[in-house]
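**Student:** Residues per chain, in single letters:
6 protein chains.
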Amino acid sequence: MIIDIHAHFTAPAELWAYKSNLLASRGHSGGRLKLSDDKIVDALNKPVHGGNSHLQQLKEVGIDKQIISPRPYQLMHSEKPESIVRKFTEACNDLTAKQCKLFPDTFIGMACLPQNMGVSPKNCVEELERCVKDLGMVGCLLNPDPNEGMGPPPPGLGDEYWYPLYEKMVQLDVPALIHSAGCREGRESYSLHFILEESIAIMSLLSSKVFKTFPNLKVVISHGGGAIPYQIGRFRAGSVKGDSPLFEDRLRQLYFDTALYTQDALETLFKWATPPRCMFGTERPGSGTAKDPKTGKWIDDTQPLIEAISWLTAEDKAGIFGGTARKVFNLKN
Amino acid sequence: MIIDIHAHFTAPAELWAYKSNLLASRGHSGGRLKLSDDKIVDALNKPVHGGNSHLQQLKEVGIDKQIISPRPYQLMHSEKPESIVRKFTEACNDLTAKQCKLFPDTFIGMACLPQNMGVSPKNCVEELERCVKDLGMVGCLLNPDPNEGMGPPPPGLGDEYWYPLYEKMVQLDVPALIHSAGCREGRESYSLHFILEESIAIMSLLSSKVFKTFPNLKVVISHGGGAIPYQIGRFRAGSVKGDSPLFEDRLRQLYFDTALYTQDALETLFKWATPPRCMFGTERPGSGTAKDPKTGKWIDDTQPLIEAISWLTAEDKAGIFGGTARKVFNLKN
Amino acid sequence: MIIDIHAHFTAPAELWAYKSNLLASRGHSGGRLKLSDDKIVDALNKPVHGGNSHLQQLKEVGIDKQIISPRPYQLMHSEKPESIVRKFTEACNDLTAKQCKLFPDTFIGMACLPQNMGVSPKNCVEELERCVKDLGMVGCLLNPDPNEGMGPPPPGLGDEYWYPLYEKMVQLDVPALIHSAGCREGRESYSLHFILEESIAIMSLLSSKVFKTFPNLKVVISHGGGAIPYQIGRFRAGSVKGDSPLFEDRLRQLYFDTALYTQDALETLFKWATPPRCMFGTERPGSGTAKDPKTGKWIDDTQPLIEAISWLTAEDKAGIFGGTARKVFNLKN
Amino acid sequence: MIIDIHAHFTAPAELWAYKSNLLASRGHSGGRLKLSDDKIVDALNKPVHGGNSHLQQLKEVGIDKQIISPRPYQLMHSEKPESIVRKFTEACNDLTAKQCKLFPDTFIGMACLPQNMGVSPKNCVEELERCVKDLGMVGCLLNPDPNEGMGPPPPGLGDEYWYPLYEKMVQLDVPALIHSAGCREGRESYSLHFILEESIAIMSLLSSKVFKTFPNLKVVISHGGGAIPYQIGRFRAGSVKGDSPLFEDRLRQLYFDTALYTQDALETLFKWATPPRCMFGTERPGSGTAKDPKTGKWIDDTQPLIEAISWLTAEDKAGIFGGTARKVFNLKN
Amino acid sequence: MIIDIHAHFTAPAELWAYKSNLLASRGHSGGRLKLSDDKIVDALNKPVHGGNSHLQQLKEVGIDKQIISPRPYQLMHSEKPESIVRKFTEACNDLTAKQCKLFPDTFIGMACLPQNMGVSPKNCVEELERCVKDLGMVGCLLNPDPNEGMGPPPPGLGDEYWYPLYEKMVQLDVPALIHSAGCREGRESYSLHFILEESIAIMSLLSSKVFKTFPNLKVVISHGGGAIPYQIGRFRAGSVKGDSPLFEDRLRQLYFDTALYTQDALETLFKWATPPRCMFGTERPGSGTAKDPKTGKWIDDTQPLIEAISWLTAEDKAGIFGGTARKVFNLKN
Amino acid sequence: MIIDIHAHFTAPAELWAYKSNLLASRGHSGGRLKLSDDKIVDALNKPVHGGNSHLQQLKEVGIDKQIISPRPYQLMHSEKPESIVRKFTEACNDLTAKQCKLFPDTFIGMACLPQNMGVSPKNCVEELERCVKDLGMVGCLLNPDPNEGMGPPPPGLGDEYWYPLYEKMVQLDVPALIHSAGCREGRESYSLHFILEESIAIMSLLSSKVFKTFPNLKVVISHGGGAIPYQIGRFRAGSVKGDSPLFEDRLRQLYFDTALYTQDALETLFKWATPPRCMFGTERPGSGTAKDPKTGKWIDDTQPLIEAISWLTAEDKAGIFGGTARKVFNLKN
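So the protein lines, in turn, are chains P, F, E, C, X and G. Under my numbering, the first residue of the first sequence carries the number 9, and numbering increases by one thereafter. Under my numbering, the first residue of the second sequence carries the number 9, and numbering increases by one thereafter. Under my numbering, the first residue of the third sequence carries the number 9, and numbering increases by one thereafter. Under my numbering, the first residue of the fourth sequence carries the number 9, and numbering increases by one thereafter. Under my numbering, the first residue of the fifth sequence carries the number 9, and numbering increases by one thereafter. Under my numbering, the first residue of the sixth sequence carries the number 9, and numbering increases by one thereafter.
Keep in mind that the hints are not guaranteed to be accurate.
As the list makes no split between identical chains, a pair holds if one copy fits it or if it spans any two.
[Claimed, not checked] Dumping the calculated DSS-like pairs for lysine-lysine here, alpha-carbon to alpha-carbon at most 25 Å:
{"id": "1", "residue 1": "LYS220", "residue 2": "LYS335"}
{"id": "2", "residue 1": "LYS54", "residue 2": "LYS42"}
{"id": "3", "residue 1": "LYS220", "residue 2": "LYS176"}
{"id": "4", "residue 1": "LYS249", "residue 2": "LYS67"}
{"id": "5", "residue 1": "LYS42", "residue 2": "LYS249"}
{"id": "6", "residue 1": "LYS249", "residue 2": "LYS54"}
{"id": "7", "residue 1": "LYS279", "residue 2": "LYS47"}
{"id": "8", "residue 1": "LYS299", "residue 2": "LYS249"}
{"id": "9", "residue 1": "LYS130", "residue 2": "LYS54"}
{"id": "10", "residue 1": "LYS109", "residue 2": "LYS95"}
{"id": "11", "residue 1": "LYS95", "residue 2": "LYS249"}
Derived by calculation from the structure, the hints in this document are not laboratory data.
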């Protein structure tokens, strides 16, 4: 059974109309969103992202289960007042939970959090608890830059600023998938911002005391770790010069998804992070859902690429395609 | 003959004392710096960066020629008033020129520019001209973020904001090596900032009209292109969906140096950028000057790594190790 | 024939999904929106605002024709970069035009403008021209506070800052309906902000040289003029003390709509503005679409209230219910 | 006996010279102001505001008693350092108290408070206590915008931010008259700012828990409630749609003065606020002290306008002209 | 005949009431101030500053003529909008002119200028011209810090920023008396700010090209030159090390008044500035109007102190007490 | 024996290279600086400041002992993050201590403190304790403006803000020498800023309760007290008018050094501060190290100037040249 740990829900247009109204009224209107099951099912059965429907796309590439969360670039963590974000976060988590309930064999829920620019992550603890305890979710998105590119940003993930959330994660035994939201800094698209923030997150965590303080904390870095596995040489050299353990050894305190779409990148990731720290992730349907004009294949259909890596053992592959996720996310079936 | 296009000078302590005084007096004192030849020669013959002397280190790894510029993290482009930066820039370029004159068989000069936060790049044209015409330099450093992480940054390199400098570069027929300076944003070290800014630079240039407007412009991205070759899959997919040429085809409008210190990274670079767009670069002595505890070899001794890539042709290698640099930088001997 | 000059379109949810995506991607994605006729017709035939469908609601209260524009509180004029607003403005105007084309006997189009915080109103001239000349619209919304409550605001409407737009309005012979958009200032809801901005707009225009400079300029103040007709006593007293004409005489340089929902307010408006400067407006369906628990009638069904004012002549009423609009907006049929 | 609850003292020029010096020295000079009784009496007997003397003006229109406070537009709550405001506040309250002592049959004192931009209203508690306990005052001015139009403003009056002051008001059993001070926001005159801030104050209070928390709190809105009674239709409709009590029922938790200068406005006020919540107020001498060129009467002589409203009962009028004030302000004689 | 070049008018309280109203209304009210001759004469004949009347105080110390200007600390150059400052400046200059006309044997007028934070000194040219040509004034105050301590300040007086004003001064052949206004920076009183700004002004002028560009420019530094004559040693040493002329030689391009109140300070001034560059100035009545408890004499009665300096020649003294002023200010009688 | 209490160390260039690297890496690199004794001795024996070596310069003018601290203009208190300043401060104090250990008969150490913009002076307590207890230092520099001219500055030295440091000073029984660092405000050089900040410091301390609260606090003002002794007349007059003690009596609560380079300034200082509050200080080698072209003598050789003052007694001079320092700094030999 193939488990894809990095995927986002396909929502009915009414969710976005709700968001649009929340923004326009700056929180002065917008009760709890109610979406009918019909609309939800319908959304999953309509063509999306230039391909077939969400459910069909999973079948096309052999994904059996997906851990889904909202599309991160829509989470607008920098909007004020905070209530806008809070209401939208709840609407998203409600929708995720409903999709999982409607398609229990296919979807598993991952929470988004009501992170907000300038607000302590303490404000996320309650919603995380609701999602895990009441809605049965198995992890959460964590955005290292709720300012969405508007400076000055909060401290890096290695800072004690984030400890209240880490405590709750450890207590609930759920991992976080590091994933920024939008980006208002005009020089970066949100897609590039993802990569840069993941790189910053890794460096911040690895030069901190976080894992000493929280030995059971589980952190998954999206998109194969941003720039770090590729640039690891310069950081290795730095670690040789200093007193700390070798950089690659510290890197393996983290988990990574495989949401990379080229074979050399995947190999680089597996080499430096090692297979036991990697979990299959596709974002499909999403930014990789396009047919490679050179191969005629879906770019985000990466299972064959991984299967083709000769130096991965069967055990490695079993871990990547589901075994590790099963443990990290405490999946039951 | 091996040519290393990415290297920085080793300066006598008096240069830094001069810088320190410029900063402390905020430009109210600090005439032109005068350094004796003795001090300059001496600096190149003292142990540095945890190894032997600069000149010895080149011999150790078989580098015949280096294109040198100041250490970028010292360039302090965000300091005010502008005169601080201008005076230090001139001192640096004077020193580069002197080193090249003292060791004409070993060093070739690359200029740094008096870029300054909030100041148009027009202010760089004159110094670039001095460096090329009077001091015989063959290129320049270009910092996409003279704000050094203090927002809001200037527009990306694809913006017309930068055209006055591009015009002069084309007119003088010299390339720019994209390299940020320091970083005041607390979450990023300057070393990580290099990588992130290179990634932003690539995306900005490739989504712009710069190369249509300046078909003869030559831009070299440091450190193997930041995160982009590793993350190329997601950008390829985006290009398939839109109307623009394939992302990898656009990528090959740029040049790259090989200042990466692992073999898989180097292979990824060569694969996506293609060998004719890559030039050997080491930063040696510098951040990679450390002995790998697993191999016992200098991490920034990457010539053997490149030589070991079986799918590179002899012609590829000849280009990487000097042939391409000779053309791009118009080297005479 | 009853003409309602203040009304807003009812859009399919896809418009808001489009807006939501524009915001999330900060203008890095979002081509021109394409909505099918089916969706548009559908939206006008579904229950809205706690009542029947838009088209049915018009019949219920005897409105024959409506001049429609986008819901102003959704226009997000303070968002950056400007391209977000520009794209959404175009999508809105396209939708208005399509609704008018599909229901030519019922709807007449009023443009919204790509006003943007910190950007001169010059940027609106082109889109206004497109809407009037290409799409057949008869007027435009004008937001005196494109900053949406985030200070410092632009100068008042009496300032020369706004002249480029006034020139184009006069040239095209179309009036502006003064109507603010959202409000980010936490103490005011957008609905209250409308009223306050209308009050400021009146005071600014009446203490300026605008109508001397543009004798043919036509300005309509929404919602019966904010606070001014009610508070006119204090401003009359001020005008008696100074040199300027009596305040009420200056007030009658403006037009007003009747989007007030109580009879005493309507009478106050007619008394001070005089009937020839007033035009019927309801916003129906909209914020007034609720059944008065005391009368059992729709609060925004104000035609009977106006009819009941005994001191209005038949000619007054004919002007209010359409005659004046026909002249001010140059309506043909 | 006619009691006017909204009036301001007429001060000798020396008060303003004192203020001017406080501002010029930024609090580095300026001991406690001492004004002789002669100067105070003199000021009340000189022509002001384009009419006769203050004392004569009262006789002219039959006002028997006035509750006086300083001219609010002079209170400069946004000036820094806070000591400027504190010293001037004390000087004003001292002067008010002296006028009341000199003319005990005519004047009753209302305190101004040392509100200051960015400073918690806690700083007002002590001066309020002094004014009520030591100086015999019966209420206080309360400015909802001590920033005087310079953003960002403090939270609305419904916010807990204001509770320390409300507690003291309830404890001392004195009401507050809501009245803003100056306005530095260039688009609004201070006079218009009064109206807008009163509108915001009403909406903020009515959508809050203030009156649940402080059931004995007494709040009087100046100038007949800003824009709200005129625009009540749109807010009524909103209240019908939501869960809260009807808007007009909530409105009647507040008190209002009648400082409006037109008959239709007065009728609108009485209709929606109901007579028992309204108290006679004129500001005379003040902004309404001008002769209406159409009637030849003083614009701020509104007693005849109220008397002429046929649907007000004798009891209503008795309440408006003094009975209600007597209870609300605990007047003894 | 003793001429005192540094003195300020004594104004009726109505001037300050006018200022207070200008500030409170932020320029929305306040026509041209009209003061009767009686009030003006009266103000000069009432006790002030803890002594006798202004006119009597002059007689007491033997001052025959005074060049008067407004009290600088009241000029509020940092207030916005600019119109506040402009109106008050005009009122002050009108008053100065009236005092001079009423007492032509005693007073000579010096203009104040409508300098305003962030506004080019170009805005002063017209008022300076009015004062000199229409009102017969002989010089002007010049404030080097119209921001009144709120940073960032404008460039120093040596900068081209000030050239438009210097040009007009030269054309009209009138000197400027350098004198700052208020100070909002909490650590400095306005009185200390005077001294600091004078020190900055001297250093800025002497390290600039101003006197090369305007060889006929006449600049008088108030209060004996701030800190500079006392600290001249360190600046002399700096000038010896550099290429520029000796510091004291440059200092003598300026003029100074003698508004210092101790004999050693006066001697230091005369020594370094030399007598021909010094003019008698007292500020009397003003900050020095107090009786020295040790001598029983008025502290600002400095004529005897100067007379007592043995090394000053009779010619020196004649110049200081009037001869130099006569030339510098082009006085006729 | 002549003791010079105001002098700064002469450091090897490596200290400035270390500082330069700290700044460039923004605290991401830079371990503790280690300087060899050879380099330190060498630096003191090389020509500096346009004269002979530091040690020779002392002999030339007969200085027997110097209390040395780092060059204040290099201390960069406004740099962020704070760690930059902390590391550099420690390096400086380590160097001072080493120089004192190497030349125990010549040098006595004065600490610099890790003051930092926006950071409470509490952060200095620990380093002060280290310097006094572990390194044997006898006092500290205190910068009243760690913002280095970038507003808004911290409260004046009279404010309770500074009490934590004063407490520690009293506890350790060490004085502070008031001395600002650099200046980023473009209108002032650091050298002028020293003078202005000393003036502000005096006025702030003398108008505060500091010496009532800390009767044993010892504060020494550099450079003869900035502008104050020269301008004392105006402040004396103010003190006569108010209730406080005479200004000169309050002035004598402070100590002063004699780092003035002209005889009249020295006399003015001795007159107003009185000799028992003055201590010999030269800054030599430093800003005064230049030969007076008129006398051919070193400008900072001020011993002869003081000796020449006839009205100073032998006891006065003994105190100035060492006796007072011995008591104030608790010197043992």
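**Student:** All the hints need checking, so say for each whether the structure fits it.
**Tutor:** Hints versus structure:
1. LYS220 / LYS335: within (21 Å within a copy, 52 Å between copies)
2. LYS54 / LYS42: Cα proximity of LYS54 and LYS42: in one copy and across copies (20 Å, 17 Å).
3. LYS220 / LYS176: within (16 Å within a copy, 36 Å between copies)
4. LYS249 / LYS67: For LYS249 and LYS67, the Cα distance is within 25 Å only across copies (22 Å; inside one copy 49 Å).
5. LYS42 / LYS249: between (57 Å within a copy, 17 Å between copies)
6. LYS249 / LYS54: between (55 Å within a copy, 19 Å between copies)
7. LYS279 / LYS47: neither (44 Å within a copy, 45 Å between copies)
8. LYS299 / LYS249: Close across copies (9 Å), not inside one copy (45 Å); limit 25 Å.
9. LYS130 / LYS54: neither (38 Å within a copy, 42 Å between copies)
10. LYS109 / LYS95: Only inside one copy: LYS109 and LYS95 sit 21 Å apart there, 37 Å across copies, limit 25 Å.
11. LYS95 / LYS249: between (49 Å within a copy, 20 Å between copies)
The structure fails to meet hints 7 and 9 from the earlier list, while all remaining hints are met.
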